[in-house]
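Enquirer: Listed below are the residues making up each chain.
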Amino acid sequence: MLTQHLAVLQVVVPLISAPLCALLPLAGSENKLGNKLAWLFATLVSLTTFIIALLIAKEVSDHGVISYQLGGWAPPWGIEYRIDHLSAYILLIVSAIACITMLAAQKSVEKEIAHEKISLFYSAFLLCLTGLLGVVVTGDAFNIFVFLEISSLSSYVLIALGNDRKALTASYQYLIMGTIGATFILIGIGLLYMLTGTLNIVDLQQRIPELLSSRTLHAAFAFFTVGISLKLALLPLHLWLPNAYAYAPSMITVFLSATATKVSLYILFRFFFGLFSNEITFEEFHLDKILIPLSILAILIASSVAVFQNNIKRMFAYSSVAQIGYMTLGIGLATKSGSIAGMLHLFNHAIIKGGLFLAMACIVFRTGSVQLSNFAGLGKRMPWTMAAILLLGLGLIGVPFTAGFISKWYLLIAALEQNNWLAATVIVGGSLLAVMYIWKIIEHAYFKIPISSASEGQVISEAPFTMLIPLWILVAANFYFGVNTSFSYGFANTAINTLFQ
Amino acid sequence: MFADYYNYWVAIILMMLGFYIVISDANLIKKIIGLSIFQTSVFILFISMSKVEGGTAPILAEGITTYSNPLPHVLILTAIVVSVATTALGLAIIARIYREYGTVDENIIHDQDEEDEDNNEATG
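Read top to bottom, the protein sequences are chains A and B.
So the first sequence is residues 1 to 501, counted in the working numbering.
So the second sequence is residues 502 to 625, counted in the working numbering.
Note that these hints are calculated values from the structure, not bench results.
Ideal placement from N, C-alpha and C gives every residue a C-beta, glycine not left out.
There may be inaccurate statements among the hints.
Quick list of in silico lysine to aspartate or glutamate cross-link-like pairs, DMTMM-like style, CA-CA up to 25 Å [stated by the list, open to error]:
1. 166/A / 601/B
2. 440/A / 601/B
3. 166/A / 615/B
4. 111/A / 601/B
5. 107/A / 462/A
6. 552/B / 462/A
Computed Cβ-Cβ distance ranges for the label pairs, DEER-style [stated by the list, open to error]:
7. 8/A / 597/B: 31 to 41 Å
8. 368/A / 597/B: 13 to 23 Å
9. 558/B / 206/A: 37 to 47 Å
10. 380/A / 524/B: 42 to 52 Å
11. 19/A / 560/B: 47 to 57 Å
12. 422/A / 616/B: 27 to 37 Å
13. 213/A / 560/B: 34 to 44 Å
A short list of chain B residues far from chain A (calculated; beta carbon distances all over 12 Å) [to be verified]:
14. 510
15. 529
16. 562
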């Protein structure tokens, strides 16, 4: 009975829970208890969405595409929720990361967020989760815009809750650029609607080929490209990302870095391969001509900038911009193998970067700062956290037996298949730059003697278990998916193959 | 040319005006105003395309067979809600920025941030 409604439950459960979560402190007799309740509630909801995503993934791999008609109105008239392999894959990533974030969140949030705002914080988080899941679930172009804005608006709020006052300007900047991006996507949707009279993605896909000569279609495609690139922070449109990630509350950085740009990348997949088909995207509009150079620049420039950052969260934020470059490079190769590699890197990067930012959250929790100078001697004081950073850093570089290696390997093969030696060199070169910035942290943590902490008289100890366990789950996943790729590669493979048909 | 497509011209002119304000003005509040104009132009684009020549409001009545397309109106109603939320949130953030920095001028905020960074490096 419930199984046939899984598609809509994926969105409705967190959506309804969000306002309930805001009300929870009223139920608690004392403020602290209310905040704990809010955390417990948000964690349970995240777990539920993860279980729903698992059930959906199973359903999709057993029986194929799930099509759910909202209110019983048949598509293309009604809104359709449509989940294929690609959607199921992204749903799993987003809900799993939400779960991990929530499991680790309680102590970190209690320390970083003002007490009267904690339950509101969790409800904003649930709204953000709703938006991200909604974008992936829906098969309606306008619905994608609405859900995208739900997730964006709540993430502006969450970023603005950061302790540093720079979080406010970062959030403001993200708001301006994010809204421009979303409005561009809206213009694209409007132009497509003008041409075809439909908003259903499957329906649009069938109508677009006969419209190729129309200039309006070209304009719509251009608006989509710019709008989505803004949302996924493709270099030169990445300016909002480093500050937003650096100054957001630690847990929000964990969540957003592993999900928000990934969902934007999903929209890119959905629009350019699903809505416009891959032939049109690459043979008519030549998206690869712009995507490959920009991706290469993103990898090189963002990685180089990361090397010179002294705020480690900012360093990893720039590294994210570079990793997004890897993913778009895979897409830009315009082949199946390239897109599979891009999709696989999306999956692996979510694990690795989520883990690295979670380790940052541990360090902020104990030391209060992520300045590089603060890392001196942490190798001894926080051995588990630093070991996790080291191991995840290896994944980011792409050392064999880590998840990062697998996706970079497939990416390299995909580039060589096309005889694109420049791209192949950049993929390897980007890894070398990653070695440089990861080494900078390792050197400080393990080989530098702390100067200041002794005089301050405070002893820095290891992070609490509630944060270490989720962190090490991600470390374990980093190695598991570096050895056993049957799920991560297999699912991405089917997802892209169904998309390319 | 202009007369045939004047609704599109209006939308494009408004769009560019709004966009220009967002990019060029240093005042955070004026940026939000520009953003609103920018979004409104898209609403006009949507609404104007829903008009069917000779059509009336989409209400079922006797003797009327041609209706304007109501769907874009509904879509834009949703988009307006999104836009209002964005504006409200933007203004709320500006209010907090003003409390923290004592200004709503982007350049002065930028200078203050730079100073902060220099101080950080000097002390730690």
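Enquirer: Each hint should be assessed against the structure and marked as holding or not.
Expert: Checked hints:
no.: 1; hint: 166/A / 601/B; verdict: holds (9 Å)
no.: 2; hint: 440/A / 601/B; verdict: violated (33 Å)
no.: 3; hint: 166/A / 615/B; verdict: holds (11 Å)
no.: 4; hint: 111/A / 601/B; verdict: holds (21 Å)
no.: 5; hint: 107/A / 462/A; verdict: holds (14 Å)
no.: 6; hint: 552/B / 462/A; verdict: violated (65 Å)
no.: 7; hint: 8/A / 597/B: 31 to 41 Å; verdict: holds (36 Å)
no.: 8; hint: 368/A / 597/B: 13 to 23 Å; verdict: holds (22 Å)
no.: 9; hint: 558/B / 206/A: 37 to 47 Å; verdict: violated (31 Å)
no.: 10; hint: 380/A / 524/B: 42 to 52 Å; verdict: holds (49 Å)
no.: 11; hint: 19/A / 560/B: 47 to 57 Å; verdict: violated (34 Å)
no.: 12; hint: 422/A / 616/B: 27 to 37 Å; verdict: violated (42 Å)
no.: 13; hint: 213/A / 560/B: 34 to 44 Å; verdict: holds (37 Å)
no.: 14; hint: 510; verdict: holds (15 Å)
no.: 15; hint: 529; verdict: violated (7 Å)
no.: 16; hint: 562; verdict: holds (22 Å)
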